[in-house]
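Trainee: Residues per chain are reported as follows:
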Amino acid sequence: MSPRPLEREIKEKFPKVKIYEHSPKRFYLSMPKEEIRKIADFLFKEKGLRLSIMTGIDTREGIEILYHFSEDKTGTYWTVKTVVDKAEPKIDTISDITKAAAWIEREIWELLGVEFIGHKNLVPLLTAEDWPRDRFPLRRDYE
Amino acid sequence: MSKRIIPIGPYHPLQEEPEFFKLIVEGEKVVGLEINIGYNHRGHEFLSPKMTYEQIPYLVERICGICSNSHPFAFVMAVEDAAKIEIPERAKYIRTINHELERLHSHLLWLGLAGHFIGYNTVWMWSWKYREPILDLFEMITGNRNHYAMNKVGGVRWDIKEEHIPIMEKTLQELEKVVNMFTQAILDDPVILARLEGVGVLPKEEAINYGVVGPTARASGVAIDVRKDDPHAAYDKIDWDVIVFEEGDVLAKAKVRLLECFESIKIIRGCLKDMPRGEIETKIDEIPPGEGIGRTEAPRGEVFHYVRTSGGNYPIRHKIRAPSYMNVPSNEYACVGYSIADAALTLAAVDPCYCCTERLTVFVDGKLKYTYPDILQISWKRTEELKSKFNRR
Numbered sequence: 001m002s003p004r005p006l007e008r009e010i011k012e013k014f015p016k017v018k019i020y021e022h023s024p025k026r027f028y029l030s031m032p033k034e035e036i037r038k039i040a041d042f043l044f045k046e047k048g049l050r051l052s053i054m055t056g057i058d059t060r061e062g063i064e065i066l067y068h069f070s071e072d073k074t075g076t077y078w079t080v081k082t083v084v085d086k087a088e089p090k091i092d093t094i095s096d097i098t099k100a101a102a103w104i105e106r107e108i109w110e111l112l113g114v115e116f117i118g119h120k121n122l123v124p125l126l127t128a129e130d131w132p133r134d135r136f137p138l139r140r141d142y143e
Numbered sequence: 001m002s003k004r005i006i007p008i009g010p011y012h013p014l015q016e017e018p019e020f021f022k023l024i025v026e027g028e029k030v031v032g033l034e035i036n037i038g039y040n041h042r043g044h045e046f047l048s049p050k051m052t053y054e055q056i057p058y059l060v061e062r063i064c065g066i067c068s069n070s071h072p073f074a075f076v077m078a079v080e081d082a083a084k085i086e087i088p089e090r091a092k093y094i095r096t097i098n099h100e101l102e103r104l105h106s107h108l109l110w111l112g113l114a115g116h117f118i119g120y121n122t123v124w125m126w127s128w129k130y131r132e133p134i135l136d137l138f139e140m141i142t143g144n145r146n147h148y149a150m151n152k153v154g155g156v157r158w159d160i161k162e163e164h165i166p167i168m169e170k171t172l173q174e175l176e177k178v179v180n181m182f183t184q185a186i187l188d189d190p191v192i193l194a195r196l197e198g199v200g201v202l203p204k205e206e207a208i209n210y211g212v213v214g215p216t217a218r219a220s221g222v223a224i225d226v227r228k229d230d231p232h233a234a235y236d237k238i239d240w241d242v243i244v245f246e247e248g249d250v251l252a253k254a255k256v257r258l259l260e261c262f263e264s265i266k267i268i269r270g271c272l273k274d275m276p277r278g279e280i281e282t283k284i285d286e287i288p289p290g291e292g293i294g295r296t297e298a299p300r301g302e303v304f305h306y307v308r309t310s311g312g313n314y315p316i317r318h319k320i321r322a323p324s325y326m327n328v329p330s331n332e333y334a335c336v337g338y339s340i341a342d343a344a345l346t347l348a349a350v351d352p353c354y355c356c357t358e359r360l361t362v363f364v365d366g367k368l369k370y371t372y373p374d375i376l377q378i379s380w381k382r383t384e385e386l387k388s389k390f391n392r393r
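Sequence order for the protein chains is H and E.
Mapping of the first sequence onto our numbering: position 45 corresponds to residue 45, and the numbering continues sequentially without gaps.
Mapping of the second sequence onto our numbering: position 72 corresponds to residue 72, and the numbering continues sequentially without gaps.
Isolated chain H, as found in the complex (with noise of 0.2 Å):
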C-alpha cells in the first residue's frame, strides 16, 4: 500500500493543512494549533496510526510542537507540526485521545513551558522537585 491514499484523505478533511514531501516515508503537515485535537483523532483513532513521540523546538516564530505520528503499515511517518505564541504558550491536550501523549506532553511542558489544557495529570515528569518553575531548559534564552 502507497502512503498517497491518506495523503488526499488529510488533503480532502483538512483544506488548511500544508502538506510537505521530504522523501516517500517521511510526510511533514504544517496545521493550525486549533486543529491538533481533529486531527489527532483522525490520525490515531480513525486511521490507526501510532503516535511515536512529540517534539517541542523553540525557534523565532514561537514553540513549534511536532507530533510524529508513525503508519506502521507502510513504515511512514507523518509528523504534524504546529506553532503556539511564546507570548501565550497553550495548546490542547491529546492525552486523552492516545495515553502515548500524557508523558511527553508533561516533558513538553516542564522544559519547553507550553501548557496543554486538558491534561489531567500535568507535573514534572523529569525535572527535580525544586526545579523553579519558570525556567525552561530547552528555550533559546536560557543560560
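To be clear, the hints were calculated from the coordinates, so they are not data collected in a lab.
All values derive from a computational prediction rather than experimental measurement.
For each residue, glycine too, the CB sits at the ideal point set by N, CA and C.
Any given hint could be a false lead.
In silico SDA-like pairs for lysine to any residue, Cα to Cα no more than 25 Å straight-line [unchecked claim]:
(1) E:Lys-84 <-> H:Thr-74
(2) H:Lys-120 <-> E:Glu-205
(3) H:Lys-25 <-> E:Glu-86
(4) H:Lys-120 <-> E:His-41
(5) E:Lys-50 <-> H:Arg-140
(6) H:Lys-99 <-> E:Asn-209
(7) H:Lys-81 <-> E:Asn-209
(8) H:Lys-45 <-> E:Leu-187
(9) H:Lys-47 <-> E:Glu-246
(10) H:Lys-13 <-> E:Ile-243
(11) E:Lys-228 <-> H:Pro-5
(12) H:Lys-99 <-> E:Gly-32
(13) H:Lys-120 <-> E:Ile-37
(14) E:Lys-152 <-> E:Leu-47
(15) E:Lys-204 <-> E:Ile-243
(16) H:Lys-73 <-> E:Leu-259
(17) E:Lys-381 <-> E:Leu-187
(18) H:Lys-47 <-> E:Gly-221
(19) H:Lys-25 <-> H:Lys-45
(20) E:Lys-381 <-> E:Arg-195
According to the in silico footprint, chain H covers these stretches of chain E (three or more CB under 8 Å from chain H) [to be verified]:
(21) 37-45
(22) 190-203
(23) 206-218
(24) 226-233
(25) 320-328
One side of the interface only, derived from the structure: several residues of chain H facing chain E at Cβ under 7 Å [claimed, not checked]:
(26) Leu-51
(27) Thr-55
(28) Asp-72
(29) Ala-100
(30) Trp-103
(31) Trp-131
(32) Pro-137
(33) Arg-140
Once you've looked at the hints, dock chain E against the given chain H.
Mentor: Same frame as chain H, now just chain E:
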C-alpha cells in the same frame, strides 16, 4: 479494605536502576500504580546541540549501556535522512550485523535477569556465561566490549575482516544450541508456565492506546517491527520473520524475546554470506539545513531520533525517544488487578526462563556417573512427571 502504598525504588532493589514505582494496594491486590522517573535525567537533548555531528554518536551511545548501538545507529540515520546521504552497501551489512549481535546479547542479559527475578539463579549464571562470547565478538570487531563507537554519519568506522567470519560463524553455531536449550526449557517447564501464564496481561487495545513498541507490543498481538515496516540497512535483503504472540502476558513477552534470538542468528548468517566487498563509508562535505527522522528496532523496541539541522556543524534540535519511554507507562494498566508478587514480575518486564537441566556431577569410584546427555534425559523425564502431576499440557 483500606488502601496502602508500597514503594519500589527510587533505587530498584533487583533491576539496580533508579526508578520509583508506588504500588497502591488493598491487602495483597494491586489497585493502582504511580510511576516516577527522572532520577537518571542527564540532559542529552540539551547537550547534543552543543556538539558536532562527529561527537554526538559518542554522546548518544552513552544513553544506555545495553542499547549502545541502537542510539547512534538511529542518530546517524536521522542525519543521513536530513542530508539525503546514501551509504555504501557494505556499511549497511556491517551495521545490521552489529545491531543483531546487540539484540542477542541484550536478550540473553534479560533472560538472565529474568531467571534471577523468579529465583532461578542458575539461569542467570548460565545465560550471562553464554552472553560473554558475543561481547568477545564485539571486542574483536570494534575493539570494545561495550560502547562500540561503530556508527558515523555516512557509514561505519571499522570493517569486518575476512578472518573474523569463521570465528563469528562458530560462535553463532554454539549460541544457537544454547538458545535452543533455553527455549525448550521454558516451553516445557510446568512450574515456569504456572508462574508466568496469564500474569500482567496487556491486551491489544491497551497496547495500541499506550503506543508500546518492541517485544512488549509484539507479545500483545501488535505486529510492529521497524526492521520489517521501514526496512533500513540490510534488513530487506535477508529473509527473516517477525515474532508475534497474542496473549500479552509475561510468558508471551519471554517467548517473543527467545524466539527473536533465532531470527537474529538467521539475519547475521545471511549478512555474513551476502556481504559485498567495497567501501565502508561515504565522505561527507557538509550537512545542509533541514530535518530528518531516524529509527531502528532496538532490543526493547523502536528507537526514534529527530534532528533539525541548520547548515552548520551543530544540530538545532535533537529529539531522542528510547523504547522504554513508551513501554513503562503501560504498567499502569498491566499491574492492576494482580498480586504484589506478580507486579514485581510485570514491572520488570521480565524475560523469564529457566533451564530445567540442573547442573550436577556425580562421581562413583572416581568415575563420572552421568554425562551431559544423561543429565538432559533425567531432566526431561522429570519434566514429564511434573507435567502429569500438575495435569498440564
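Trainee: For each hint, tell me whether it holds in the structure or not.
Mentor: Comparing the hints with the structure gives:
Distance hint between E:Lys-84 and H:Thr-74 is fulfilled; the C-alpha atoms sit about 20 Å from each other, no more than 25 Å. About 21 Å separates the Cα atoms of H:Lys-120 and E:Glu-205, which keeps this hinted pair within 25 Å; it holds. With a CA separation close to 15 Å, the supplied pair H:Lys-25 and E:Glu-86 stays within the 25 Å bound. This hinted pair checks out: H:Lys-120 and E:His-41 have alpha carbons roughly 23 Å apart, not beyond 25 Å.
Annotation: proposed proximity of E:Lys-50 to H:Arg-140 holds, straight-line Cα distance about 12 Å (limit 25 Å). For the suggested pair H:Lys-99 and E:Asn-209, the alpha carbons sit about 6 Å apart, so the restraint of at most 25 Å is met. Between H:Lys-81 and E:Asn-209 the alpha-carbon distance is near 22 Å, which keeps this suggested pair within the 25 Å criterion. The straight-line distance between the Cα atoms of H:Lys-45 and E:Leu-187 is roughly 37 Å, outside the 25 Å bound, and the hint therefore fails.
Restraint check: the Cα-Cα separation between H:Lys-47 and E:Glu-246 comes to about 22 Å, which is no more than 25 Å; the hinted pair holds. A C-alpha spacing of about 36 Å is found between H:Lys-13 and E:Ile-243, which places the hinted pair above 25 Å, so the restraint is violated. Using a Cα cut-off of 25 Å, the hinted pair E:Lys-228 and H:Pro-5 holds, with the two alpha carbons roughly 21 Å apart. A threshold of 25 Å between alpha carbons decides the hint, and for H:Lys-99 with E:Gly-32 the separation of about 16 Å falls inside it, so the pair holds.
Taken as a hint, the H:Lys-120 and E:Ile-37 pair is honoured in the structure, with Cα atoms around 18 Å apart against an allowance of 25 Å. As the CA atoms of E:Lys-152 and E:Leu-47 are separated by approximately 18 Å, the hinted pair is consistent with the 25 Å bound. For the given pair, E:Lys-204 sits about 15 Å from E:Ile-243 by alpha-carbon distance, which is consistent with the 25 Å threshold. In summary, the hint linking H:Lys-73 to E:Leu-259 is supported, as the alpha carbons are separated by about 23 Å, within the 25 Å threshold.
For the suggested pair E:Lys-381 and E:Leu-187, the alpha carbons sit about 15 Å apart, so the restraint of at most 25 Å is met. For the proposed pair H:Lys-47 and E:Gly-221, the alpha carbon gap of about 18 Å is at most 25 Å, so the pair holds. Taken as a hint, the H:Lys-25 and H:Lys-45 pair is honoured in the structure, with Cα atoms around 21 Å apart against an allowance of 25 Å. The hinted pair formed by E:Lys-381 and E:Arg-195 meets the criterion: a straight-line CA distance of about 21 Å does not exceed 25 Å.
Evaluation of the coverage hint for the segment 37-45 of chain E: fulfilled, as 5 residues show C-beta separations to chain H shorter than 8 Å, against a requirement of three. Look at the segment 190-203 of chain E against chain H: 0 of its residues bring a Cβ nearer than 8 Å to a Cβ of that chain, fewer than three, so the hint is violated. Here the segment 206-218 of chain E counts 4 residues with a CB under 8 Å from a CB of chain H, which clears the bar of 3, and the coverage holds. For a cut-off of 8 Å, the count of residues in the segment 226-233 of chain E with a CB near a CB of chain H stands at 4, and the three-residue condition holds.
Coverage of the segment 320-328 of chain E by chain H holds [criterion: at least 3 residues with CB-CB distance below 8 Å; count 3]. The beta carbon of H:Leu-51 is positioned within 7 Å of a beta carbon in chain E (closest approach about 5 Å), and the interface hint is therefore held. Look at H:Thr-55: its Cβ gets to within about 4 Å of chain E, closer than 7 Å, so that hint holds up. Proximity of H:Asp-72 to chain E holds as hinted, the smallest CB-CB distance being about 5 Å (cut-off 7 Å).
The interface hint given for H:Ala-100 is met, as the beta carbon of that residue sits about 3 Å from the closest beta carbon of chain E, less than 7 Å. The restraint placing H:Trp-103 at the interface with chain E holds, with a minimum CB-CB distance near 6 Å, inside the 7 Å limit. A least Cβ separation of about 10 Å between H:Trp-131 and chain E goes past the 7 Å threshold, and the interface hint is therefore violated. Satisfaction of the interface hint for H:Pro-137 is found here, the shortest Cβ-Cβ separation to chain E being roughly 6 Å, below the 7 Å cut-off.
Given the 7 Å rule on beta carbons, the hint for H:Arg-140 is violated: about 10 Å separates it from the nearest Cβ of chain E.
Checked against the numbered hints given earlier, this structure breaks hints 8, 10, 22, 31, 33; the rest are met.
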